[in-house]
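Q: For chain A, the structure is supplied; the task is to place chain B on it using the hints.
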Amino acid sequence: MSQKFTADAVTPLLALVGTNIEPARAANVAEALATQVSAANAVYASLPFEAEPAGYLHACAKAAP
Amino acid sequence: MTPEAIVELSAANLARAIRSKQLTALAAMEAVIARADQVHKKLNCFVRIDRYEALAAAHLADAELARGAVRGPLHGVPMAHKDMYYREGAISSCGSKIKRDMPAPSTATALKKLDAAGAIQFGVLNMAEFAYGPTGHNYHLGHCRNPWNPDHITGGSSSGSGASVAARASFAALGSDTGGSIRLPATFCGVSGIKPTWSRVSRHGAMPLSFSMDTVGPLARTVEDCALILGAIAGADPLDASASQHPVPDYMGQLARPIRGLRIGTPKRYFYDNIDAEVEGLMQSGLEIYRKLGAEVIEVDLPDIEPWNHAAMVIIAAEAAAAHGNWMRTRPQDYSDQVRARLELGLAVPATTYLDGLRLRGVALQAFSQEVFAKVDILHAPTVGFQTPTIAETDISGGEAMTRALNSITRLTRPGNFLGLPCLSVPAGFTGNGLPTAMQLIGRPFNEAALFAAGHAYQQATEWHLQAPKQP
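From first to last, the protein sequence lines are chains A and B.
Here this note's numbering runs 3 ahead of the position in the first sequence, where the first position is 1.
Here this note's numbering runs 814 ahead of the position in the second sequence, where the first position is 1.
Pulled out of the complex, with its shape left as it was, chain B reads as follows:
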């Protein structure tokens, strides 16, 4: 198999090829590092490539396989991750100037679980500074660029994760999602991504932004890959008291379950307010696919979601400001202007406004569940309501204009974080500017399996997820 053909494989197919010895882990690692070297010059998606350690680990994986030892379902699969997952002794810059010289004190549980599953980390990826930005701009590391058109944003904060996976420079990558940071780059770069239920994946060793909103999840070429990787990283963790004890189902085993009779909701309001006509058309085409597959598409009335976003913004601002309080006192000049402005805002949020935001979440989730999940199994909606903008158009600084712009980019993703619900972003076509867009499937808490089955069925019937950008 040629290096060009190897990097086109999904993570699941690569794992199968390595296990069946059609391909070595070393060949896969050499191919993906060569591609990463090539695309990084144009896309600025990597912070670091640990090539020698990764090649040695791939060689070891092949030796283990030769004597019949398989570490797990990702044996030999090369992955790079957002630069906020700590590995003991290594630098995780978190996209910042402040942490660029600080070795991590311990290894993230998500990384340990991926190691145990056999995946091999070969690099770390660009990201928004402290994961606090939805566009992919980074004034310390340089902006990450969209592989479909480098003048356009990747989305953030998991910018390098979206760009590298789309550009075939990583088979999959961890991202994180606090207000849309997995789903936005997945959408703008044309890959799949799962924001799991809050608490589904341990956050130990993952940089905190907003502890009551932060989630850990993968971006990958296919929904099947997302299911495979989430299955490897989900579950309880003695090092993270907030990680759920809820049993982890066999996502891969349920992937092919039939969706005939599945009730898919389409919202009457909010998600389609002021939406771009082309994006709306692609959403309707997606629903038509589901009808043809035998699902029942039902219009649902949503509670008034718009006001919840204000509460979500306040919660994230206050929690992020608390986490950054010490550096805001001692090193404020080391933040970029936009991140500093958002943290200053959070420092001034009244305690009662923050706590009322938290009090609202249970009430809101109950209302949402009554309106939506009493009638349908999953909700189908656009991930963003506009076409992918350029880097220049979204170069925004502080003030109310910044708040408005940021709210607008995350308007359709933030409710999933506020409610803690699992949301799967799936490529759903291309708009006139040649860039991808996506739908999101939103499910009941801890029912990622239903989302994977629905997303996988869609990808068996369409080819959007197979499209790759031209190599730079």
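Just chain A, with the same shape it has in the complex:
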């Protein structure tokens, strides 16, 4: 389920990384961000503590013919 996230939160967040954003664009970002990040975080519930980013490369090498 999507978490509540507002344009008011997006504006200072992007200002922190040096990007100005108009209110209408910030509202769009908030809407898309809430959906995407919530959906991704829901997937991570089953992620093992030991999993590492480079684990993908190991898995790739193991699965190669």
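No wet-lab data here; the hints were simulated from the structure.
The structure presented is a predicted model; accordingly, all values stated were derived computationally and were not measured.
You may find that some hints are simply not true.
[As the list claims (entries may be wrong)] Below, simulated DSSO-like cross-link-like pairs (lysine-lysine); rule was C-alpha separation at most 30 Å, straight line:
#1 B:Lys835 <-> B:Lys926
#2 B:Lys1189 <-> A:Lys65
#3 A:Lys65 <-> B:Lys1082
#4 B:Lys856 <-> B:Lys911
#5 B:Lys1082 <-> B:Lys1106
A: This is chain B only, laid out in the frame that chain A set:
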């Protein structure tokens, strides 16, 4: 041979004809440039045609051949490429306003390898702005149009690659695939395309979008052409630390290996959810061909893939935003609305959400391999689950509606990028709207050879890949 007959040749057959002196490289170059001039007016598929340099290079290739020198397996074959492969000193606009005046600092390794193989680049091709769009829309260069029906999308981001190869205006073209950008235009335009295993081809000198997802590969008339070109560009590169050291097999040598007994998986879920009935029918026909060829078709249960797409979207958004951070701070007005909106989203992705996405990839690949590759050699699936839409229908801007629409277009291609697996898109017929569709064959990491053999066998038994759009 007439110019019309020349441009119908596959890259492999053209290379053979040039090597055996049935045809000159100059005649091939003149024929393809004439066709490119003709179709570009309707399809907007080229950014630039470097005709004088290309004709001179073709003349030189013929002179070399006359004295017995063959550069490589693509000697004299004209190719144009997506406008994101850098050639030192030349402009690569990357489909953008921002880079349209910036000369490239060095030449892409993929281009150097194609040069060494004897191919001659004669132009650069339209593409989605910064390769960040799956439809073929471009608000700076103009939308690229589908040669089967110019009201419809080409697919993106390698829009000009798909359109020019289908329209016989290039014998083959490099594309790039981060979420489906080779396979989507290959599907919508009716050509073959290989997204190789991540790291199979050096990305040095190729515009970055999402470094952990980006792959370099060709779109071409046939699977044989894809094998020939991938063989020329794959391999380790001292200029790209991420390029794999895994040996490059002889793809052409393995192309004709028998597929009798090959285990082809067909997924029970995900890839056929809400699929268009005509596309599904064509997929079943494709599987029937494989049964007749002696392959064993086996239903396989997949892990729950849907959630992985959310992680993939987050990873691409964050990596693209990082790459574009400086321009987002200084020139945000120079991006189109949709690309800017996607980059703004990426700037706001929490670091832990991004890193968890990367952590998930190894776990996901292991789960996928256990469910799929323990039981079958390759997975057969549709590349897209819907009929090719029009340019107007897919003209979308920012917001959650944009995210939903983009997710839906790339739903069946994105898992291949998330998992890093090789995926070969092969034309599989036409839907009622007269436009092509395709199947994708998905293989184990670094086993492109198995995909080429299966795709080639299918093309020996069918004629979908030989169909050409009427010339505009």
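Q: Compare the structure with each hint and give your call.
A: Each hint tested on the structure:
Taken as a hint, the Lys835 of chain B and Lys926 of chain B pair is honoured in the structure, with Cα atoms around 25 Å apart against an allowance of 30 Å. Distance restraint check for Lys1189 of chain B and Lys65 of chain A: the Cα-Cα separation of roughly 16 Å lies within the 30 Å cut-off, and the hinted pair is therefore satisfied. Distance check on the hinted pair: Lys65 of chain A and Lys1082 of chain B sit about 25 Å apart at the alpha-carbon level, within 30 Å; holds. Between Lys856 of chain B and Lys911 of chain B, the direct Cα distance comes to roughly 22 Å. Compliance with the 30 Å bound is thereby established for this hinted pair.
Proposed proximity of Lys1082 of chain B and Lys1106 of chain B is supported: the alpha carbons are some 21 Å apart, at most 30 Å.
Hint check: no violations occur; every hint is consistent with the structure.
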